[in-house]
Amino acid sequence: MGFKKGSKVAIFEDTRWEWITSMLGLWTQEYVGVTVYANLGYDALVYALKEAECGAIICNGANVPRVAKLMSDFGIKESVIIYLDELPANCDAGAHKVLPWKTVVDMGAASSRDYSIITNNDQDVLIMYTSGTTGNPKGVCHSIGALTQGSRGLNDRLTDLIGHEEEETYLSYLPAAHVFEFICECIMLGRGTVVCFGSPRTLTDLFARPAGDITTFKPFFLIGVPRIFETIKKGAEGKLPPVGTVKRALFDRAYASRLAALKEGYDTPFWNEKVFKIPRAMMGGKMRGICSGGAPLAHKTQEWMNVVIGQPVAQGYGMTETVCNTTVQRTGELNCVAGQLLKGVEVCLLDTETYKHTDKPNPRGELLVRGKFMFKGYYKQEKMTKECMLEGGWLRTGDVAEIDKVSGQVQIIGRVKALVKNALGEYIALENLEALYCQHPISIPNGVCVVADSHKSYITALVLTDESKAMAFAHENNLKGSWPDILKTKEFNAAVAASMAALGKKEKLMPFELLKYVQVLNDEWTPENNLVTASLKVRRTEIDKHYAETIKQLFAAD
158 MGFKKGSKVA IFEDTRWEWI TSMLGLWTQE YVGVTVYANL GYDALVYALK EAECGAIICN
218 GANVPRVAKL MSDFGIKESV IIYLDELPAN CDAGAHKVLP WKTVVDMGAA SSRDYSIITN
278 NDQDVLIMYT SGTTGNPKGV CHSIGALTQG SRGLNDRLTD LIGHEEEETY LSYLPAAHVF
338 EFICECIMLG RGTVVCFGSP RTLTDLFARP AGDITTFKPF FLIGVPRIFE TIKKGAEGKL
398 PPVGTVKRAL FDRAYASRLA ALKEGYDTPF WNEKVFKIPR AMMGGKMRGI CSGGAPLAHK
458 TQEWMNVVIG QPVAQGYGMT ETVCNTTVQR TGELNCVAGQ LLKGVEVCLL DTETYKHTDK
518 PNPRGELLVR GKFMFKGYYK QEKMTKECML EGGWLRTGDV AEIDKVSGQV QIIGRVKALV
578 KNALGEYIAL ENLEALYCQH PISIPNGVCV VADSHKSYIT ALVLTDESKA MAFAHENNLK
638 GSWPDILKTK EFNAAVAASM AALGKKEKLM PFELLKYVQV LNDEWTPENN LVTASLKVRR
698 TEIDKHYAET IKQLFAAD
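Once you know that position 486 of the sequence shown is 643 in our numbering, the rest is easy, because the numbers rise by one and skip nothing.
Heads up, a few of these hints could be off.
Straight-line alpha carbon distances no greater than 25 angstroms define the calculated DSS-like cross-link-like pairs of lysine-lysine that follow [unchecked claim]: (1) Lys694 x Lys391; (2) Lys161 x Lys533; (3) Lys540 x Lys529; (4) Lys234 x Lys207; (5) Lys637 x Lys647; (6) Lys702 x Lys637; (7) Lys533 x Lys543; (8) Lys626 x Lys578; (9) Lys637 x Lys673; (10) Lys540 x Lys207; (11) Lys431 x Lys457; (12) Lys234 x Lys161; (13) Lys626 x Lys645; (14) Lys613 x Lys647; (15) Lys396 x Lys375; (16) Lys673 x Lys702; (17) Lys404 x Lys626; (18) Lys702 x Lys613; (19) Lys578 x Lys513; (20) Lys663 x Lys578; (21) Lys259 x Lys162; (22) Lys396 x Lys443; (23) Lys500 x Lys529; (24) Lys662 x Lys626; (25) Lys543 x Lys529; (26) Lys391 x Lys663; (27) Lys420 x Lys662; (28) Lys404 x Lys457; (29) Lys226 x Lys457; (30) Lys207 x Lys226; (31) Lys420 x Lys431; (32) Lys457 x Lys420.
Pair by pair, the computed Cβ-Cβ distance ranges are [stated by the list, open to error]: (33) Lys662 x Lys702: 30 to 40 angstroms; (34) Tyr199 x Gly549: 38 to 48 angstroms; (35) Lys443 x Pro518: 16 to 26 angstroms; (36) Lys574 x Ala714: 23 to 33 angstroms; (37) Thr276 x Arg223: 38 to 48 angstroms; (38) Ala580 x Arg437: 47 to 57 angstroms; (39) Trp174 x Glu323: 13 to 23 angstroms; (40) Lys665 x Lys375: 31 to 41 angstroms.
In case anyone wonders, no lab produced these hints; they're calculated from the structure. Quick reminder that beta carbons are idealized off the backbone N, C-alpha and C, glycines included.
Sequences and hints are given; from them, build the entire structure.
See below:
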């Protein structure tokens with residue numbers, strides 16, 4: 158196809174076996190893979206194609222007309238389009254060269270060009286475009302040495318968690334353009350594990366018929382983001398016997414007994430067999446461990462997964478810039494923390510305005526990370542790179558962490574820029590509160606945005622729900638109204654606010670962290686409407702604009 162070493166090829170496609178095959182194939186020719194989340198949208202794709210000057214793009218045939226038109230509109234003339242599956246009828250790709258993926262594979266098989274084994278650890282092989290809460294996506298540049306070191310660090314902790322057995326299967330379903338999924342696929346191939354491919358929409362038997370991906374492929378290990386595990390938890394809880402029945406009392410007794418046993422280091426064979434057998438069956442029967450990343454997993458969700466599903470659930474912390482390396486919990490921990498450092502990771506804390514005055518009970522500050530897994534910089538963004546990279550190779554993560562002096566466990570307690578000071582001078586960690594309040598039964602996963610005002614002493618929230626959750630709450634609280642009009646009533650929103658505040662009190666939040674007012678919404682926050690990022694993190698600026706009048710009314714309630 159006339160490409161030279163160092164040429165860049167973009168992949169804009171959902172997770173499937175051709176995705177990882179394409180990436181590894183690019184490296185055999187010393188090309189640089191450029192990844193873009195499929196749900197980042199077409200604007201982000203055009204931005205990445207222009208900035209990285211990609212010679213080709215691999216995408217689904219269904220997207221070829223749109224991709225070709227955008228490339229023409231923005232003056233991207235030379236890129237070849239390589240498509241998977243079938244082209245739509247009467248497809249018009251304009252002047253762009255279009256080739257089936259299978260044809261390109263056959264061309265490679267017939268070529269006399271040798272495979273290359275990259276021996277220079279500093280050689281660039283990957284640019285991962287990642288979303289931000291503001292502005293355009295940024296291209297994170299990685300060398301083969303950084304990816305290799307990152308794989309080693311994660312695999313070392315993975316082996317501690319679940320060991321190594323023959324005939325392992327792994328289920329890949331998160332976006333492959335996400336570093337968490339991508340590096341896990343690389344690790345699994347290195348272990349000799351069979352990699353299977355699924356989708357978040359068909360993950361469990363709760364959402365797919367006749368069987369979910371987990372039941373079908375029986376993976377030994379599962380990764381996910383909090384939203385996945387919160388959905389599994391809420392789906393399973395929805396099938397429990399009603400509160401007040403004998404069967405529900407038996408489940409609650411079993412849950413409490415097993416939780417107490419786990420804290421003491423014991424198992425509960427009787428309860429496992431008699432009560433938890435059915436929910437465990439939906440995890441395939443061969444599961445040995447689960448790891449959550451991408452955002453903090455709520456304490457109640459982690460506890461529930463450990464107790465009911467019965468496999469060690471570990472939280473981890475990492476970034477695209479660190480090849481997902483920093484921390485992962487060790488086996489069997491129930492504490493809601495990010496875990497201990499992986500091998501080859503160094504961290505330190507940088508003073509912040511909030512936490513610079515004391516190291517009691519533990520040191521706190523902005524988390525800085527360094528190691529051989531570190532990215533080389535943001536592609537063509539020297540200023541942005543200098544802003545986050547300090548002297549000595551330290552990366553500013555933007556996350557505020559607390560490090561336990563005894564155990565060395567790292568806990569992420571907020572964002573440097575997501576801390577809001579209220580009228581009392583108290584700092585409020587918005588993301589931590591959102592993770593907690595999302596556990597309320599009325600909220601859909603990732604459905605809470607906490608809002609604070611520097612002139613007010615209290616906080617409010619926007620809460621997403623659906624018909625079944627809202628009407629169940631109304632029934633339990635003797636509230637009258639029909640869907641969706643009930644969401645507009647003061648009585649309903651006041652009851653939700655009181656109930657969520659009660660949850661906060663139960664979790665021992667400070668008084669200024671308790672919700673005073675909420676507005677429950679029947680809306681969607683998606684990357685397409687720009688209210689969340691591709692990794693489903695809230696875009697606070699966009700939320701503030703979109704719901705400006707609603708937020709104004711919430712703070713005018715007093």
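Verification of the hints:
1. Lys694 x Lys391: Answer holds: Lys694 to Lys391 is near 20 angstroms, not above 25 angstroms.
2. Lys161 x Lys533: The hint holds at about 22 angstroms.
3. Lys540 x Lys529: Cα-Cα ~22 angstroms, so holds.
4. Lys234 x Lys207: Holds. Lys234 to Lys207 sits at ~10 angstroms (cutoff 25 angstroms).
5. Lys637 x Lys647: holds (12 angstroms)
6. Lys702 x Lys637: Violated. Lys702 to Lys637 sits at ~32 angstroms, over the 25 angstroms cutoff.
7. Lys533 x Lys543: Holds, because 11 angstroms separates the two Cα atoms, which is no more than 25 angstroms.
8. Lys626 x Lys578: violated (32 angstroms)
9. Lys637 x Lys673: holds (22 angstroms)
10. Lys540 x Lys207: Distance of about 19 angstroms is within 25 angstroms: holds.
11. Lys431 x Lys457: Distance of about 23 angstroms is within 25 angstroms: holds.
12. Lys234 x Lys161: holds (18 angstroms)
13. Lys626 x Lys645: With a Cα-Cα distance of about 15 angstroms, the restraint between Lys626 and Lys645 holds, given a limit of 25 angstroms.
14. Lys613 x Lys647: holds (21 angstroms)
15. Lys396 x Lys375: Judged against 25 angstroms, a Cα distance of about 22 angstroms means the pair holds.
16. Lys673 x Lys702: holds (21 angstroms)
17. Lys404 x Lys626: Distance of about 22 angstroms is within 25 angstroms: holds.
18. Lys702 x Lys613: Distance of about 19 angstroms is within 25 angstroms: holds.
19. Lys578 x Lys513: The hint holds at about 16 angstroms.
20. Lys663 x Lys578: holds (23 angstroms)
21. Lys259 x Lys162: holds (22 angstroms)
22. Lys396 x Lys443: Distance of about 23 angstroms is within 25 angstroms: holds.
23. Lys500 x Lys529: With Cα atoms ~11 angstroms apart, Lys500 and Lys529 stay inside 25 angstroms; holds.
24. Lys662 x Lys626: Roughly 22 angstroms separates the two Cα atoms, so the pair holds.
25. Lys543 x Lys529: holds (18 angstroms)
26. Lys391 x Lys663: Holds, because 19 angstroms separates the two Cα atoms, which is no more than 25 angstroms.
27. Lys420 x Lys662: Status holds; Cα separation ~23 angstroms.
28. Lys404 x Lys457: holds (22 angstroms)
29. Lys226 x Lys457: Answer violated: Lys226 to Lys457 is near 47 angstroms, above 25 angstroms.
30. Lys207 x Lys226: holds (14 angstroms)
31. Lys420 x Lys431: holds (21 angstroms)
32. Lys457 x Lys420: holds (14 angstroms)
33. Lys662 x Lys702: 30 to 40 angstroms: Because 32 angstroms falls inside the window, the suggested range holds.
34. Tyr199 x Gly549: 38 to 48 angstroms: At 40 angstroms between Cβs, range holds.
35. Lys443 x Pro518: 16 to 26 angstroms: violated (41 angstroms)
36. Lys574 x Ala714: 23 to 33 angstroms: holds (27 angstroms)
37. Thr276 x Arg223: 38 to 48 angstroms: holds (40 angstroms)
38. Ala580 x Arg437: 47 to 57 angstroms: holds (48 angstroms)
39. Trp174 x Glu323: 13 to 23 angstroms: Given about 22 angstroms between the Cβ atoms, the range holds.
40. Lys665 x Lys375: 31 to 41 angstroms: holds (40 angstroms)
Checked against the numbered hints given earlier, the structure breaks hints 6, 8, 29, 35 and satisfies all the rest.
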